[in-house]
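From first to last, the protein sequence lines are chains A and B. Counted the way full-length UniProt numbering counts, the first sequence spans residues 1 to 554. Counted the way full-length UniProt numbering counts, the second sequence spans residues 1 to 554.
Some hints could be false.
The list treats identical chains as interchangeable, and a pair is accepted whether it falls inside one copy or across any two copies.
Claimed, not checked - Under the rule of at most 30 Å between Cα atoms (straight-line distance), these lysine-lysine pairs were calculated in the DSS-like manner:
{"hint": "1", "residue 1": "108", "residue 2": "535"}
{"hint": "2", "residue 1": "535", "residue 2": "458"}
{"hint": "3", "residue 1": "222", "residue 2": "338"}
{"hint": "4", "residue 1": "222", "residue 2": "513"}
{"hint": "5", "residue 1": "108", "residue 2": "540"}
{"hint": "6", "residue 1": "220", "residue 2": "397"}
{"hint": "7", "residue 1": "535", "residue 2": "316"}
None of these hints come from the bench; they were simulated from the model. Given the structure is predicted, the values throughout are model-derived calculations rather than measurements.
Protein chains: 2
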Amino acid sequence: MAKAQKVQIIPLGGLGEIGKNMTVIRYGDDIVVIDSGLMFPEDDMLGIDLVIPDITYLLENRDLVRAIILTHGHEDHIGALPYVMKQLTNVPVYGTRLTLGILNGRLKENGVSANGLIPIKSGDQIQLGSFQVGFIRVSHSIADAVAIYLKTPVGTIVHSGDFKFDQTPVDGKVTDFHKFAELGDQGVLVLLADSTNAERSGFTLSERTVGAVFDEAFRKAKERIIVASFSSNVHRIQQAIDSACKCKRKVAVIGRSMINVVGIALELGYLDVPEGVIIDIDEINNYPPSSIVILTTGSQGEPMSALTRMAMSDHKKVEIMPGDTVIISATPIPGNEKMVARTVDYLFRQGADVIYEKSSGVHVSGHASQDELRLLHNLIRPKFFIPVHGEYRHLKKHAKIAQEIGLPKENIFIAENGHVLEFGPDKGAIVSKVTAGRVLVDGLGVGDVGNIVLRDRKQLSQDGILVVVLTMDKQRACLVAGPDIVSRGFVYVRESEQLMDEAKERVKQALDKCELNQITEWATIKSNVRDSLGKYLYEKTRRRPMILPIIMEV
Amino acid sequence: MAKAQKVQIIPLGGLGEIGKNMTVIRYGDDIVVIDSGLMFPEDDMLGIDLVIPDITYLLENRDLVRAIILTHGHEDHIGALPYVMKQLTNVPVYGTRLTLGILNGRLKENGVSANGLIPIKSGDQIQLGSFQVGFIRVSHSIADAVAIYLKTPVGTIVHSGDFKFDQTPVDGKVTDFHKFAELGDQGVLVLLADSTNAERSGFTLSERTVGAVFDEAFRKAKERIIVASFSSNVHRIQQAIDSACKCKRKVAVIGRSMINVVGIALELGYLDVPEGVIIDIDEINNYPPSSIVILTTGSQGEPMSALTRMAMSDHKKVEIMPGDTVIISATPIPGNEKMVARTVDYLFRQGADVIYEKSSGVHVSGHASQDELRLLHNLIRPKFFIPVHGEYRHLKKHAKIAQEIGLPKENIFIAENGHVLEFGPDKGAIVSKVTAGRVLVDGLGVGDVGNIVLRDRKQLSQDGILVVVLTMDKQRACLVAGPDIVSRGFVYVRESEQLMDEAKERVKQALDKCELNQITEWATIKSNVRDSLGKYLYEKTRRRPMILPIIMEV
Chain A
1 MAKAQKVQII
11 PLGGLGEIGK
21 NMTVIRYGDD
31 IVVIDSGLMF
41 PEDDMLGIDL
51 VIPDITYLLE
61 NRDLVRAIIL
71 THGHEDHIGA
81 LPYVMKQLTN
91 VPVYGTRLTL
101 GILNGRLKEN
111 GVSANGLIPI
121 KSGDQIQLGS
131 FQVGFIRVSH
141 SIADAVAIYL
151 KTPVGTIVHS
161 GDFKFDQTPV
171 DGKVTDFHKF
181 AELGDQGVLV
191 LLADSTNAER
201 SGFTLSERTV
211 GAVFDEAFRK
221 AKERIIVASF
231 SSNVHRIQQA
241 IDSACKCKRK
251 VAVIGRSMIN
261 VVGIALELGY
271 LDVPEGVIID
281 IDEINNYPPS
291 SIVILTTGSQ
301 GEPMSALTRM
311 AMSDHKKVEI
321 MPGDTVIISA
331 TPIPGNEKMV
341 ARTVDYLFRQ
351 GADVIYEKSS
361 GVHVSGHASQ
371 DELRLLHNLI
381 RPKFFIPVHG
391 EYRHLKKHAK
401 IAQEIGLPKE
411 NIFIAENGHV
421 LEFGPDKGAI
431 VSKVTAGRVL
441 VDGLGVGDVG
451 NIVLRDRKQL
461 SQDGILVVVL
471 TMDKQRACLV
481 AGPDIVSRGF
491 VYVRESEQLM
501 DEAKERVKQA
511 LDKCELNQIT
521 EWATIKSNVR
531 DSLGKYLYEK
541 TRRRPMILPI
551 IMEV
Chain B
1 MAKAQKVQII
11 PLGGLGEIGK
21 NMTVIRYGDD
31 IVVIDSGLMF
41 PEDDMLGIDL
51 VIPDITYLLE
61 NRDLVRAIIL
71 THGHEDHIGA
81 LPYVMKQLTN
91 VPVYGTRLTL
101 GILNGRLKEN
111 GVSANGLIPI
121 KSGDQIQLGS
131 FQVGFIRVSH
141 SIADAVAIYL
151 KTPVGTIVHS
161 GDFKFDQTPV
171 DGKVTDFHKF
181 AELGDQGVLV
191 LLADSTNAER
201 SGFTLSERTV
211 GAVFDEAFRK
221 AKERIIVASF
231 SSNVHRIQQA
241 IDSACKCKRK
251 VAVIGRSMIN
261 VVGIALELGY
271 LDVPEGVIID
281 IDEINNYPPS
291 SIVILTTGSQ
301 GEPMSALTRM
311 AMSDHKKVEI
321 MPGDTVIISA
331 TPIPGNEKMV
341 ARTVDYLFRQ
351 GADVIYEKSS
361 GVHVSGHASQ
371 DELRLLHNLI
381 RPKFFIPVHG
391 EYRHLKKHAK
401 IAQEIGLPKE
411 NIFIAENGHV
421 LEFGPDKGAI
431 VSKVTAGRVL
441 VDGLGVGDVG
451 NIVLRDRKQL
461 SQDGILVVVL
471 TMDKQRACLV
481 AGPDIVSRGF
491 VYVRESEQLM
501 DEAKERVKQA
511 LDKCELNQIT
521 EWATIKSNVR
531 DSLGKYLYEK
541 TRRRPMILPI
551 IMEV
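Bound-form chain A, shown alone (with noise of 0.2 Å):
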């Protein structure tokens, strides 16, 4: 077939990974790419702010990208903005307002130009180059949240963006079950879908269900209540202003991105509070504890956020105080569980109640659990289908959802970041690849912290560094002054002089061995210094700091 007549669909991030999700869809000479976000880093990538794709194949085809449209306003969607925006400029952004609003906030802080951000919002159909491409409102854990859908000369890819199927939705906006039946009666080609909890059978509870444990925690509790979210999550944040004017409390807001997002969702009116509900939390000592409800971040233990800092007693503005009920409104992501539990753990200690058990039923989850992925799949009905947004296990579970409802496993592809998967009217599959992976960002460098870096500092973290400085005569090739060693992080000096003093001797005896058979090369008496060295604290210690040996010439 001619190339005109296939539609390309190339994930940048978030296949085999929970983050950095991104996906370009390519049909002859127009680009759309659905999301930009970033991932945090993994345990060893150490001293890593944050991880974005590479966006090298999006460079190489610049001129040929249309927009980018965005699904939710997630830091897993939207985060590398600022690094794409600022490489691909005069690309229009689409996303519905309160994306758009977190967004901004974003490009702000980076110095980035918040032109080109275009609103749409559920059941708009625009045109861009030759995609006809529509928004579907769909349930999430934050509000706003679409689903995208791309008309193709070829067909028809739906994208589901992170969603859940919640009938009972604490805005009322219900998912647009109809536009999705609409589009699986058409005909739909492709479907990429959010594998995150294809693990979990059955169905996610409604985010409803929240209100009603709010309401019975709030009534219990006798003094101040604490509640720490996701600030993201809007409809979770209105569930505890609700529950909170319930039992006539008044409601301060702590942590910056929780009154940043607070303040954001106020003023595009995504959350419905009575006038004199929210105080200032330098008020709340005006009122008595019973009628405080405190808002905060730090429902993942984060070091540096409200709720751990009130925990250590290290907040400014708020104490922990005997009789406080704290309630962490979230499940901890796989990574931070330790975290949240040291913090739940000074909660204690500070002597404040805590519910933070996932069956207290303070939190659900906002991803799809299997029925309602079977639901979508049922009402969509698409010829091939592309799991996303999950690791490996999850994709593999979703593809097996699929295949048990019908689909056949020809027709299911658990591709990689980086493949490039190309569909026609009746045929589908994986044709090549394109670069594609992480770049590390680092401080203000991005991409500058690679495998040698982290290697090394890898090795530093473990075991520490000996610097060994010999100054040599440059004519002679003999040593003129030390070897001085200095070490840092491998052991404590004052007690392990003796150990150093032998050290020392080990480098004079190694340097002694190269004057013998007259090696003047700088690298290789290094490289000897180096092993025999090495050699020599790994007996004696059992360990293998980072010997780093420096030649200074007179």
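The hints should help you fit chain B onto chain A, whose structure is shown.
Chain B only, in chain A's frame:
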């Protein structure tokens, strides 16, 4: 009351943490120590291999230590013994046969003599100084676990050890409820009990339920079966072997600790295996895949374990094959979730089917949940209660359980390591504190890595190090050669030459400034260089590498 009328309980480990359990019981001039465990390092203990309790108190009172008695063979109860026994020589160690069998292996690895290990069994009672010490069979996730009672002139102390109440234990050896009841009848002064699962409602499922799940999973598996579990859980291994026999499969064992424990268990009669069922790993290819079960280590995704190496195609003897059924018969210990997830992903990628979810029933806990704890309290009916073996929230919840059952709040002690709890026949209180805490073991060094070294490793791990070498004239305090700057773990130098050149300039400027102000003290010069360069680098990169100025005098 005269001192001889009171008994003291001094926890040296295990309170406010899960790990390094160690409890001192003292009456007059007699000390008995219950357990000597290790703890695995926290994430911020960079480069540390393991953590053991600070036993300063025992060393100060070494002449009073009559014995160390062990509840069971898990690392967090026996892992510190090689270190403790090197310092407390000639102190007998009492334990059940399997416990001592496992300990024997550890002592051998550490070159410590195994003389002084005295086997006991549940039901035994021995005299240790003024203590009458007895051992009560309990169920746990390792065989041959006991609770301990100590009869003193003041009253009886009961320590639960780690336990659950399994009504259908795999080896048929039910907890000795009768002994608990008898002690409760006679009157118990103090109870110390396992708080690990105090957050969980109901009863922990019986170990035997896993056998039924294995039977079903083994029946369904078409090809090879691989079961990963904790090597110390002999009953789990027994059930895997039983299920293998039921479907006429041979069993091979891999992974150093799995091979060790299976060996010890077979030798001591804790495993019952028909002749010819266990084959060597090298023989597995002599059988069709559907006739094989492999028992392996790696249920926590440990990097060097057999399962992880197989998953990453890195094991010399076993490769994962498409069609393999891998059962991860464990749940991730908090902190290990990502490691397990990574291994599961790799196994799926290799084409295995993996059973790992909590809901699958392939693992049950070894610790009592809330209703078992209530049953223990109702049997023992202690006057005083000290929750042990838990982080703060576990101790807090367990204390609440005791209070709800009827123990007065003032008779319940949420203690800390080092607290001296003193009890008379009717009175109990925390009276003082002794030295207690963590000793970090790194390689061969015990206790030589402290806060300063860890803090340095932390900085090195985040932003690396810059070494600035200056050769200075001693007399005139001026620069003779340099500055030479070498960095590791900071930036990729080849792409950052300009930054490094400018850094050298900054150092020169700082030195000029020192000369101008007639600063000749090396320490002050280094300090100025460090500040000036640090400021510059942060400005340019937003990173704070360690800066190490070194002055070579000529």
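Numbers of unmet hints, in rising order: 4
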